[in-house]
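Respectively, the protein sequence lines represent chains P, V and D. All the letters of the first sequence, read from the start, carry residue numbers 1 to 113 under the working numbering. All the letters of the second sequence, read from the start, carry residue numbers 1 to 137 under the working numbering. All the letters of the third sequence, read from the start, carry residue numbers 1 to 648 under the working numbering.
No wet-lab data here; the hints were simulated from the structure. It should be emphasised that the depicted structure is a prediction, and the values quoted were computed from it without experimental measurement. By construction, the Cβ of each residue, glycine as well, lies at the ideal position given by its N, Cα and C atoms. Careful, some of the hints might be misleading.
So, partial list: chain D residues that the calculated Cβ filter (under 8 Å) puts toward chain V [claimed, not checked]: (1) Gln66; (2) Leu70; (3) Thr90; (4) Ala143; (5) Glu150; (6) Pro151; (7) Ala500; (8) Pro503; (9) Pro505; (10) Arg510.
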Amino acid sequence: MVLADLALLIGVGFGYLWWGVEASRVREELLAEKARPAATEWTARGVVRAVLPEMNVLVLTHEDIAGFMPAMTMGFRAESPKVYRGIGVGDEVRFTLKGSGSNVAITAIEKLQ
Amino acid sequence: MVMAARGRPSSEIPPRLALCIGLLVLAALPAGVEAHAVLVRSAPEARASVRVPPRRAQLWFSERLEPAYSTMSVWNDRTKVDSGDAEVSREDARQLSVALPPLDRGVYVVKYHVLSVDGHVAEGGYSFTVKGEAGRK
Amino acid sequence: MTALALLVRWAHLASSVVLAGTFVLLLLAGRAARPTAQRWERDALALARICVLAALVAGLGALAVQTALLEGRAQAALDPQAIGRVLGATRFGSVWIVRQGLLALLAAFLLLPVSAVSGADHMALRLHCALLGVLALGVTSWAGHAGAVEPAPLLAAHVDGLHLVAVAAWIGGLLPLARLLGMAGRAEGADARPFAVLAARRFSALALACVIVIVATGAWNAWNQVGGIPALVGTPYGRLLILKLALLGPILLLAAINRRRLIPALAGDAETVGRPAMLRLRASVRIEMLLALAMLALVAWMAVTPPGRHVQPTWPFAVRLSWEATASLPGARLRVLIGGLLLLLGGLAVAAGMLGARRRAALATAAGAVTFAAIAAVPPLVVDAYPTTYRGSSVPYHALSIATGADLYARACVSCHEARAHDVTGANVARHTAGDLFWWLTHGIPGTRMPGFGARLSEEARWDLVNFLRASSAAEQAGTLGPVVDPSRARIVAPDFSYAVGPSPAHSLRELRGRRLVLLVLFTLPESRPRIAQIARAYEALVVMGAEVIAVPMRPTRDIIKRLGADPRIFFPVVTEGAPEIVRTYGLFRSADGRPPHVEFLIDREGYLRARLTPAPGSTPGLSPLLAELQRLNEEPQTAAPPDEHVH
Numbered sequence: 001m002v003l004a005d006l007a008l009l010i011g012v013g014f015g016y017l018w019w020g021v022e023a024s025r026v027r028e029e030l031l032a033e034k035a036r037p038a039a040t041e042w043t044a045r046g047v048v049r050a051v052l053p054e055m056n057v058l059v060l061t062h063e064d065i066a067g068f069m070p071a072m073t074m075g076f077r078a079e080s081p082k083v084y085r086g087i088g089v090g091d092e093v094r095f096t097l098k099g100s101g102s103n104v105a106i107t108a109i110e111k112l113q
Numbered sequence: 001m002v003m004a005a006r007g008r009p010s011s012e013i014p015p016r017l018a019l020c021i022g023l024l025v026l027a028a029l030p031a032g033v034e035a036h037a038v039l040v041r042s043a044p045e046a047r048a049s050v051r052v053p054p055r056r057a058q059l060w061f062s063e064r065l066e067p068a069y070s071t072m073s074v075w076n077d078r079t080k081v082d083s084g085d086a087e088v089s090r091e092d093a094r095q096l097s098v099a100l101p102p103l104d105r106g107v108y109v110v111k112y113h114v115l116s117v118d119g120h121v122a123e124g125g126y127s128f129t130v131k132g133e134a135g136r137k
Numbered sequence: 001m002t003a004l005a006l007l008v009r010w011a012h013l014a015s016s017v018v019l020a021g022t023f024v025l026l027l028l029a030g031r032a033a034r035p036t037a038q039r040w041e042r043d044a045l046a047l048a049r050i051c052v053l054a055a056l057v058a059g060l061g062a063l064a065v066q067t068a069l070l071e072g073r074a075q076a077a078l079d080p081q082a083i084g085r086v087l088g089a090t091r092f093g094s095v096w097i098v099r100q101g102l103l104a105l106l107a108a109f110l111l112l113p114v115s116a117v118s119g120a121d122h123m124a125l126r127l128h129c130a131l132l133g134v135l136a137l138g139v140t141s142w143a144g145h146a147g148a149v150e151p152a153p154l155l156a157a158h159v160d161g162l163h164l165v166a167v168a169a170w171i172g173g174l175l176p177l178a179r180l181l182g183m184a185g186r187a188e189g190a191d192a193r194p195f196a197v198l199a200a201r202r203f204s205a206l207a208l209a210c211v212i213v214i215v216a217t218g219a220w221n222a223w224n225q226v227g228g229i230p231a232l233v234g235t236p237y238g239r240l241l242i243l244k245l246a247l248l249g250p251i252l253l254l255a256a257i258n259r260r261r262l263i264p265a266l267a268g269d270a271e272t273v274g275r276p277a278m279l280r281l282r283a284s285v286r287i288e289m290l291l292a293l294a295m296l297a298l299v300a301w302m303a304v305t306p307p308g309r310h311v312q313p314t315w316p317f318a319v320r321l322s323w324e325a326t327a328s329l330p331g332a333r334l335r336v337l338i339g340g341l342l343l344l345l346g347g348l349a350v351a352a353g354m355l356g357a358r359r360r361a362a363l364a365t366a367a368g369a370v371t372f373a374a375i376a377a378v379p380p381l382v383v384d385a386y387p388t389t390y391r392g393s394s395v396p397y398h399a400l401s402i403a404t405g406a407d408l409y410a411r412a413c414v415s416c417h418e419a420r421a422h423d424v425t426g427a428n429v430a431r432h433t434a435g436d437l438f439w440w441l442t443h444g445i446p447g448t449r450m451p452g453f454g455a456r457l458s459e460e461a462r463w464d465l466v467n468f469l470r471a472s473s474a475a476e477q478a479g480t481l482g483p484v485v486d487p488s489r490a491r492i493v494a495p496d497f498s499y500a501v502g503p504s505p506a507h508s509l510r511e512l513r514g515r516r517l518v519l520l521v522l523f524t525l526p527e528s529r530p531r532i533a534q535i536a537r538a539y540e541a542l543v544v545m546g547a548e549v550i551a552v553p554m555r556p557t558r559d560i561i562k563r564l565g566a567d568p569r570i571f572f573p574v575v576t577e578g579a580p581e582i583v584r585t586y587g588l589f590r591s592a593d594g595r596p597p598h599v600e601f602l603i604d605r606e607g608y609l610r611a612r613l614t615p616a617p618g619s620t621p622g623l624s625p626l627l628a629e630l631q632r633l634n635e636e637p638q639t640a641a642p643p644d645e646h647v648h
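Using the sequences and the accompanying hints, generate a full structural model.
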């Protein structure tokens, strides 16, 4: 009986160790997956809240940008001032973002309707 | 009850009586087997009338859901319009959502069929309206 | 299907309870030395074998039933693929695997030749079996209602597991105990009497401890799953609970008789002493056990019934007691207070009677006091009640519903009632439940000209009207709401609303609950322009103070953001979707004359309206008073419970 208990304890111990090793491996893989940089392109709709030409930045209240950020009011750098020519506060727009990580810029923007 | 047991205890009568009472009590009750997880909130909301078509339909329930047996769909006049990838959120197991293609104006019905972690099934639905945008692409 | 599911659940539960209880009793009884006691031990182990087999088979049955239920077809019960899916992908499946595994291990232990093992291992084996049995029973709570309690399912499941284990240790031991008492009570079983007496005494002590645990955990479970008197008397789950308690009463009575009368009577050295008492005890234990098995059937039934908290209760009585109702009757509250005092005195008399010698006199005094208390206190508290009295609205208290209700009111009610709903709301709404209003709207009020609209308006429409009336009544309360937060004021629920800015998805006020203070600004152009500019410039400071600003145009146009202009920059939500309903609803909360049109509401983190600011048109007072109020709300401890979450 006592022997059986000992065996059980050893078994559970090994199982726990294995689980711990496996879990940390999976976590590392996940982190590696996340850290991999890749230039990606997203398209979303929003409304222009401010144009800051001195900083080359547009502030947009935008919808969910799938895989990048949830809906919020946020400033984005424009690739060049040409991109937002003719765009003003209150315009509803569809815009394209390109980049990776925190380094993204608006590459195209068009008025809806 | 204490008295009844003098000498050879007559176990025939009291147990049967008790059993009968128990069964009678059970038979007298209504069987109400229905939903356990309750819909707490939804987006778009029930009966909402939205100008901008939503990209997702989201539901929040009172209890955690079993992803394998929880599904939802969005319908427009007997045509299923959602993308078919209804999923329970990984961050909050009480949230179920499905992606939607660009919707035209019209009335849409959201239907759900979910299993909560206590092993019970709940069903339901509601409708919302897309008012539509003139000249939308 | 339901009957089968119930039967399987009951078999599952009963066999597990008896299994765990048998081993607990075997542990308590200790090792048997005399032949009769050893015979009983073998019988008990045989019972355990039957139970473990029954539990395993019932487990298979439960799996089949659950699979059929989840797949929505009866044939799925035998489909290996479907069964695999249920096992692999649901919590029910995980718990099932663990439980059956524990039971299988227990079965393996039971197959060991018991006589072959030595002294210490003998008890160790019992202990292992008891632990396995108790664990196999306890884990089931994780797959039941307790495991789904939010926000702390783990705690609820542990409490429920403890409840189950205590039940098993007590109820489950009754069957083998009755057997032991029967065997020892016979003339030829006299050698086992000291053994039986010792087992009965130890069992009795354990049972007392179990009862205490059961009552405590049971009360906690009941609060989690039922939550109140209306759900207790008005839902199937609550009524099952009442029945369960009704069965528990006689069981406890029997247990008390056993403990106080029968077990002491077992005392004595001679082998003949205590024999009639032993048989009496056996009879009592048997009845206790049968009642307990019936109770387990109720438990199985409750497991497939939605908990009362999630179900709309149907109030079964024509009256209810209401403290609010006494507000309008002069002197009523005094009567109630005197009654309450008498009740307290009665309670004290009972306590004194229990302790003192003159029990009868004390009890008579207490009965008198309670009767007088009832006569004095109850009548003013009694108000009419209806089956729907405690129903919550099936339509959320939301601007969409309130605006719809306002339209309905204008169409269907104004011909008899006043336009602003004063005659309806002033006297009635605050003092009656939403369910009362719903009943009157549906069935009319006998003896008055109020007709029932049950046939003319849908259920949804009637709840819309109720929501509108509640909002109107709340708006009346808000009549004196000023620009300064008053912590002692009765809380007014801020109706929920949804809003969107441009093409981004809609948000709701409720999403901000618990996270941000909200400054809701209803504005008109061009009058509000200076004030909006002022808020826009201070937006950063407001955000730092934990506030969000939601600006709603009272004359909504699609280009409202454009019309507000680029200077100063406005980064808070300016609502372009949902504004009409918000204006309609929060317009009710403006001062009676609706002047000035520009109005701001301060909503706290729990979702209550706390202040109403009406900066005069043209003038722009500094923002420091507003910031002071925000700070006051930030420093306030959370006292009020957030408004009801449920949308049934």
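Status of the hints after comparison with the structure:
Against a cut-off of 8 Å between C-beta atoms, the interface hint on Gln66 of chain D holds, since the closest Cβ of chain V lies about 6 Å away. Hint status for Leu70 of chain D: holds, given a least beta-carbon distance of 5 Å to chain V, under 8 Å. The criterion of a C-beta within 8 Å of any C-beta in chain V is met by Thr90 of chain D, whose closest approach is roughly 5 Å, and the hint holds. Restraint check, Ala143 of chain D versus chain V: the minimum CB separation of about 6 Å is within 8 Å; hint holds.
Of the supplied interface hints, the one on Glu150 of chain D holds, with its beta-carbon coming within about 6 Å of a beta-carbon of chain V, less than 8 Å. Contact between Pro151 of chain D and chain V, as hinted, is not supported at the beta carbon level, the nearest pair being about 10 Å apart and thus beyond 8 Å. For Ala500 of chain D, the shortest C-beta to C-beta distance to chain V is roughly 7 Å, which falls under 8 Å, so the interface hint holds. A cut of 8 Å between beta carbons decides the hint on Pro503 of chain D: the least distance to chain V is about 4 Å, and the hint holds.
Among the interface hints, the one on Pro505 of chain D holds; its C-beta lies about 6 Å from the nearest C-beta in chain V, closer than the 8 Å criterion. Of the supplied interface hints, the one on Arg510 of chain D holds, with its beta-carbon coming within about 7 Å of a beta-carbon of chain V, less than 8 Å.
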